[in-house]
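Chains as they are written, first to last, in the numbering used here: chain Z, 2 to 313; chain H, 140 to 426; chain V, 833 to 1372.
Simulated from the structure, these hints should not be mistaken for lab results.
Quick reminder that beta carbons are idealized off the backbone N, C-alpha and C, glycines included.
One thing to keep in mind: the hints can contain errors.
Stated by the list, open to error - Selected chain H positions facing chain V (in silico; Cβ < 10 Å): (1) A167; (2) R258; (3) T320; (4) D321; (5) E324; (6) A326; (7) G328; (8) S329; (9) G335; (10) L337; (11) H340; (12) P343; (13) N344; (14) P348; (15) A354.
Said to hold, decoys possible - Below, simulated DMTMM-like cross-link-like pairs (lysine to aspartate or glutamate); rule was C-alpha separation at most 20 Å, straight line: (16) Z:K270 / H:E387; (17) V:K1028 / V:D1132; (18) Z:K7 / H:D261; (19) Z:K7 / H:E387.
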Amino acid sequence: MGYLLKRAGQGAIVLWAAFTVAFILLQALPGDAIMNRFLNPDLGLTSEQISQLRQSYGVGAPLWQQYFHSAWAFLTGDLGNSLEDGTPVRLLIEGALPSTAVLAAFGLLFAILLALAVAFLSALAPFAWLRNLLQSLPSLFIAVPVFWLGIMLIQILSFKLRLVSIINPGPVEGLVLPVATLAIPLSAPLAQVLVRSIDETLLSPFITVAAAKGASRVRLLVHEVARNAVLPAVTVAGLLFGELIGSAIVTETVYGRVGLGRITEAAVKAQDAPVVEAVVLISAIVFVVVNLIVDLLYPLLDARLRTRAAAI
Amino acid sequence: MTAQAVTVGDEIRRPTAIVRRLRRVSPALVLAWLAVAVVVAWALVPWLFSAADPTIGVSGQRLQAPSIQHLFGTDQLGRDVLDRVIYGSRFSLVGALVAVGVGLVAGTALGVLAGTLSRAVDDVIMRIVDVLLAIPSLLLSLSIITLLGFGTVNVSIAVGITSIAMFARLTRSQVVKVRHTDYVEAAVGSGGHFLGVLWRHVLPNSMGPVVALSALQFGSAILQIATLGFLGFGAPPPTPEWGLMVSEGRNYIATSWWLTTLPGAIVVVVVLSTHRVSRSLGREKRG
Amino acid sequence: MTGKTRSPVLQVKGLSVSYLRDHEATQAVDDISFSIDQGQLLALVGESGSGKTTVAQSVIGLLPGNGRIDSGEILLNGVDISRWNWRRLQTVRGRRIGLVPQDPAASLNPVRTIGANLGEVLRIHTRVRGSELRRQVVELLARVGIDDPERRARQYPHELSGGMRQRVLIASAIALRPDLIIADEPTSALDVTVQKVILDLLDDLRREYGTAILFVTHDLAIAAERSTEVVVLRDGRVQEHASTAEVLSNPRTEYARTLLRDAPALAGRAAPLPPAADLAAIALRADSLVQTFALGRKRDEFRAVDDVSFAVPAGTTHALVGESGSGKTTSARIVVGFRRPTSGRVEIDGIDLASLRGEALRQARRTVQLVYQNPYGSLDPRRSVEEIVTEPLRNFGLGDRRSRLAKAGDLIERVALPASVLGRRPHELSGGQRQRVAIARALVLEPRVVVFDEAVSALDVTVQAQVLRLLEDLQRDLGLTYLFVSHDLSVVRHIAHTVSVMRRGRVVEEGPTESVFGTPVHEYTRTLIDAIPRPSERVS
């Protein structure tokens, strides 16, 4: 229990630090320049709206007040307004999040399945050449740029073979290529960790003992190796969440999908800092929460940690 | 505690003969080194490999498929794609070098401080590292670019900053591991000063994996720089940057496959090669 | 199971095994033959690299991936299984051949319960499931002497002590009453008193079930105490193969004689006598050392060292002897100043080391040096032997470069190494050579006291004997004072003038070695001494 609180506390500190850094960076952008944009008559903002915006940014107030002001705003879900057109960032993100979440979830799922398949098939491969081939796949996958992979998949599967349509696809068909684009490079580090930990586990004395009991190779892998070997991969899967969000952004750009990626790309191009910072903070929150969950899952998988966690 | 488990042999280990070492070198590693050498040569002396100016096209030779004259074909302005790839290697390699430099220097410094100084310093540094780690690297580099502005150098610095966390964590764990070895304690026990022991024993023995990570990060940095170039945050258009080339080629994806496929394939080959080299470095240091 | 003929359970004929390394085959086992009858225990004895474990692995078909049986037969009840593939071997592994491994700590699957680990062999070979399986598991646990077996079956391996884990592994090996048990160094990772209990258990089971046992060990004393027949291996070849009594009383080869002479438990040598008390000044005095560690909640504390005192006269050896968790290593680390005791004094030359800090402590380190257990970990792999040995002199700014080099050369010669090792790095040296380098480094500052923390435990017996002789020579020539920390009573008996027997942080008995070992007063000391393998009782 104390262990839980400690990890949660660390996560909270990380998020607080991330927020503070984001706040400082936002301050680094000249504030008046921000306001000047809203004064642009093309935006057609009324003077009341402008003074509202002024208030919501806390322009003119002392820095520490602004800090607490925006911290409170952030905690209550007010992420500020876009510099482009004054749209609340929250609305922008709410509109884009579901599409990205679906893409990321399927991407992660297929990455895990692909990694498991590569790792366990290579451990079972009856021939050395097959084993070497399977084990060299992750190092190839990891070297492939996501954007290029997306384009290659479009070129081959859509244009050449006409297997998947990318023009006006159905909701499921439209996910196939993006998910593949996301999953393939993401599976590589997972598969590498799995391959290595399977190899290491196979060398443990308890595997020799199990083999000496007369276990078949498949039984060894399923009963003795699998759970031990998956443990380090779970940690890596948690850490890969950051990679996942980054890749999702690129994938969305390649396929022209609506989502966080497009918003982020547009925001960076326009130097629309509030939007960028909001996306960054939300990603950080997701990352911290996911890794907290991984930490909590760990003792369920490994009894040794259960007692240790209880002792701390 | 009890010592019985370890039984150490008394056999003499001889240094590995050069012949045996040569036999162990795999053809894949040789190819990897070759690929790295070729790309480095492209970056250093591009004019030896191509005569044409990569930014000026020949109007009569637009969008030509790969042939003997144009191995990689030509683009919409009639520019030779291979020439552009050759000249583009400089942006990728220099960028990756800057990025690894930033990550290596800052990350190693943080890692050594965290691993050697007090518990409090360690905690503070590792929380900072956690923050860096919690932000997806692409988003982190994008926010830095938002602040610094676009351009090749800024992109490299941004990419470098994203790798600080990894370098710091690895360095710290190595330093902590080496600090707890018997030989470091023995050096203290024989009257060594803190800094002397750190310099003579801890650092040399910690740096092997860090060197391997640098090589690995070099490949990853090329990948990230190409990605940011693709998204349009790197050098502006006439520049023959690899990611930007793929991005520009997207408009002709249905008709001119070579514009996107070949520059991207070069990225894959270079990254694959640096990773292969990195792995061999990691093994050397351990063995 | 045994109805047919009286052919041996296991027959190994002309077995040769090689390993492929870097495209080169290295012969590990060369033309070895032996056989074991029902109910017999054959000991395969050898030092590291002798091929003894390779033989055991070949029998059960579990050679490492790069190992290959080149020629020979392995007959199990008259059937050659040496060419069987994994699938065919599955039928005999666990059912006909059981394995008791070397390292109980790592030999149970850490993420499965004891019950699941043990039940696995039944699940593989029988149709027993559910409550019947649980009943059999509990029964097996009870058979190997595990208390409260129902609860233990639900626990995980890390919750059990090393000795208990080894019992579980033995239970797993005997579950299906195999004809043959391969025991590969089954007690080398255990404390002496636990070792005796485990060996007794194996003996009982052998007698009860008539199982044949192939017993692999580096320890000739254990082999002598427990076996009926001994095969001595060296460099993959059989050196000596005879009944145990014959090997002990009348060894035919020079190597067997060396092993017999060097095995501390077998060599009948009296302990060195302590000097007359009034002659020698006290070089090292530890006074009421206490070391506590906080445990979880604030008020709980664990007393790792609890009121430990001893005094070592100059020029003599004092031993701290005890099992794991006795506090002997912690005490040694306090003495060399790596650990500040909670209370107590460590006096060398009248200076209290335990009270010093910073520069004063650094200066005081000149008077006391430590030699570590593991010679592979205590030398910086990136430094040459010359740099390693001269470094302490550099640290204290003693002499110039040339004089330091000369001194290093002297010491390397003193520890009986060739001068050529000076330019080498540790990985080019053998374990014994490395330990000599570590000794040279400890001596270069001319300390008053040298502390040895299990310094010969990791070495093969013949190498161990050489290093022990070296230590005695150095003490005699240089008048050194030793504090010798060891779990091995036989070694202690050889080298120490005086001894403190430690248990759970306390000294339970102390005095001149001869009287402590000859007429032990404390019950624990007696248990420890009883646990030393005693072949002589068997033989006579």
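These are the hints, each one checked on the structure:
Violation of the interface hint for A167 (chain H) is found here, the shortest Cβ-Cβ separation to chain V being roughly 17 Å, above the 10 Å cut-off. Restraint check, R258 (chain H) versus chain V: the minimum CB separation of about 15 Å is more than 10 Å; hint violated. Residue-level restraint check for T320 (chain H) holds (minimum Cβ-Cβ distance to chain V is 6 Å; threshold 10 Å). Because the smallest distance between the Cβ of D321 (chain H) and any Cβ of chain V comes to about 4 Å, under 10 Å, the interface hint for this residue holds.
Using the Cβ-Cβ criterion of 10 Å, the hint placing E324 (chain H) at the interface with chain V is satisfied: the shortest such distance is roughly 7 Å. Because the smallest distance between the Cβ of A326 (chain H) and any Cβ of chain V comes to about 7 Å, under 10 Å, the interface hint for this residue holds. Using the Cβ-Cβ criterion of 10 Å, the hint placing G328 (chain H) at the interface with chain V is satisfied: the shortest such distance is roughly 6 Å. About 4 Å separates the beta-carbon of S329 (chain H) from the nearest beta-carbon of chain V, less than 10 Å, and the hint is met.
Because the smallest distance between the Cβ of G335 (chain H) and any Cβ of chain V comes to about 7 Å, under 10 Å, the interface hint for this residue holds. Taking 10 Å as the C-beta contact cut-off toward chain V, the hint placing L337 (chain H) at the interface is violated, the least distance being around 13 Å. For H340 (chain H), the shortest C-beta to C-beta distance to chain V is roughly 5 Å, which falls under 10 Å, so the interface hint holds. Hint status for P343 (chain H): holds, given a least beta-carbon distance of 5 Å to chain V, under 10 Å.
This hint holds: N344 (chain H) has a C-beta 6 Å from the nearest C-beta of chain V, less than the 10 Å allowed. Contact between P348 (chain H) and chain V, as hinted, is not supported at the beta carbon level, the nearest pair being about 14 Å apart and thus beyond 10 Å. With a least beta-carbon distance of about 20 Å to chain V, the hint placing A354 (chain H) at the interface is violated under the 10 Å criterion. The hinted pair formed by K270 (chain Z) and E387 (chain H) meets the criterion: a straight-line CA distance of about 17 Å does not exceed 20 Å.
Proposed proximity of K1028 (chain V) and D1132 (chain V) is contradicted: the alpha carbons are some 33 Å apart, above 20 Å. In summary, the hint linking K7 (chain Z) to D261 (chain H) is supported, as the alpha carbons are separated by about 17 Å, within the 20 Å threshold. For the given pair, K7 (chain Z) sits about 49 Å from E387 (chain H) by alpha-carbon distance, which is inconsistent with the 20 Å threshold.
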